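**Student:** Put chain B on the given structure of chain A with help from the hints.
First to last, the sequence lines map onto chains A and B. Numbered according to the numbering used here, the first sequence terminates at residue 265, and the numbering increases by one at each position without gaps. Numbered according to the numbering used here, the second sequence terminates at residue 1155, and the numbering increases by one at each position without gaps.
None of these hints come from the bench; they were simulated from the model. Quick caveat: nothing in here was measured; it's all calculated off a predicted structure. Check the hints yourself; a few may be wrong.
Now the stretches of chain B that chain A is said to cover, found in silico as 3 or more residues with beta-carbon under 8 Å [stated by the list, open to error]:
1. 1096-1105
2. 1109-1119
Derived, one-sided and incomplete: chain B residues facing chain A with beta-carbon distance under 10 Å [unchecked claim]:
3. Thr1008
4. Lys1068
5. Asp1070
6. Gly1071
7. Leu1077
8. Ile1080
9. Ala1124
10. Ala1144
Note that the Cβ used here is the ideal one computed from N, Cα and C, for glycine as well.
The lines below spell out each chain.
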Amino acid sequence: MASRTKQKEQARAQRLAEEQARQQRESRQRRVRLLGGVILAAVAVVAVAIAISASSGGGGTHGLQTGAKSTKLVSQVTSLLSGIPQSGATLGNPKAPVTMTYYGDLQCPVCQQFTLDGGFPQLVANDVHAGKVKVVYRAFETATQSPQTFSTQQVAALAAGKQNHFWDYVELFYRQQGAEGSGYVTDGYLNGLARQVPGLNLSAWSAARNDPALSSQIPSDNQAGRAAGVQGTPTLVFKGPKGQAVAPTGVPNYSDLQSAIKQVS
Amino acid sequence: MTAVSDATTRARTRALSTDRRLLIAVLVLCALGIGVAGYLTYVHYAGLKVLCLSSGGCETVQASRWAKLDGIPVSVLGLIGYIGILGSLAIRTELGRAAGFAIALIGFGFSMYLTYRELFTIKAICQWCVGSAVLMTLLAVVTAARFLRDDGLAE
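Just chain A, same shape as in the assembly (with noise of 0.2 Å):
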């Protein structure tokens, strides 16, 4: 009697035994596939994330922008230059104790980071705009494919800046920037970037892009960039009271220019 009672206890157990491992396998089963679509749909995700980064955080290759686009555009540069005087291709006080001259091609993506992402934005709101420092740019090619093209975009902004918009100009083509060799700088182009710049007289500058002295310019920048030793853009020179500092090359951010800045004053 008590043995088959033992059996019926020893039945129970197994069988209570079976079906808790049955349940953890399923169990188990389950979070494995679970486990499998979290990870499948994080992956996707953070690729679609990616894509849209990507696509609108750089890369050079926007091209003219128009509509609340080109809007929200103009006024960040209108914000960032707002306050700060322009004269021709220099930017801030004239009589700043520091010159920073910016070697630049207008068409290099690594002079458009530096412009946009590295150390410039800030040295501009904080020590160009205090009028510790002055910043000139100096037309120097090296990204723009064709010597023609170079000179026209760079006449261009130096139309502008005869209405002392030069930088406003610039910075619109930086922001603006498109890929690299796909030939995008076209009259339509310059012109749109021209429509942009706020309080531009659009006929004077049309009829500054003819100026000779303007185009004389450009020759006379890049030789004055060679005899500096300039060899890739942007390559940016410090001068000030105790003398000349070159920030590193590529993307310089703001502790490498105040360092110069350090260096020179």
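**Tutor:** Chain B in isolation, oriented as in the chain A frame:
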């Protein structure tokens, strides 16, 4: 039978204790994450300068175009992520744990991408962003452990 039952109870108590520790870890990490992302969101909308140890690194990163995803500041997305993970704790089912792990995994993946951009594109480091990336990494590990260890603890 009693021995089996005791062993099961002990195993369940141990599992509950570990699960409680993991839950506390998620809570602490989320609180820190909300602090970091909340601060960055606040300075963004208040137009203030970010407190930063490295000269200009944080501002350069914050001013870069990578600081926004389709116009939304990434700090806001981070804040939503941390709150989402915290909210998933209220769902006491396997699906709740999976949701918390999924959000943390997305946060981890996107944080890695942003850290890559900081190092190789912007070439500036924002400690707040690195801090958030570390928190998201830890959250991905802890929420994964909670999800994978779930031996019938979820309701």
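**Student:** All the hints need checking, so say for each whether the structure fits it.
**Tutor:** Evaluation of the provided hints:
no.	hint	in the structure
1	1096-1105	holds (count 4)
2	1109-1119	holds (count 4)
3	Thr1008	holds, 9 Å
4	Lys1068	holds, 8 Å
5	Asp1070	holds, 5 Å
6	Gly1071	holds, 8 Å
7	Leu1077	holds, 8 Å
8	Ile1080	violated, 13 Å
9	Ala1124	holds, 5 Å
10	Ala1144	holds, 9 Å
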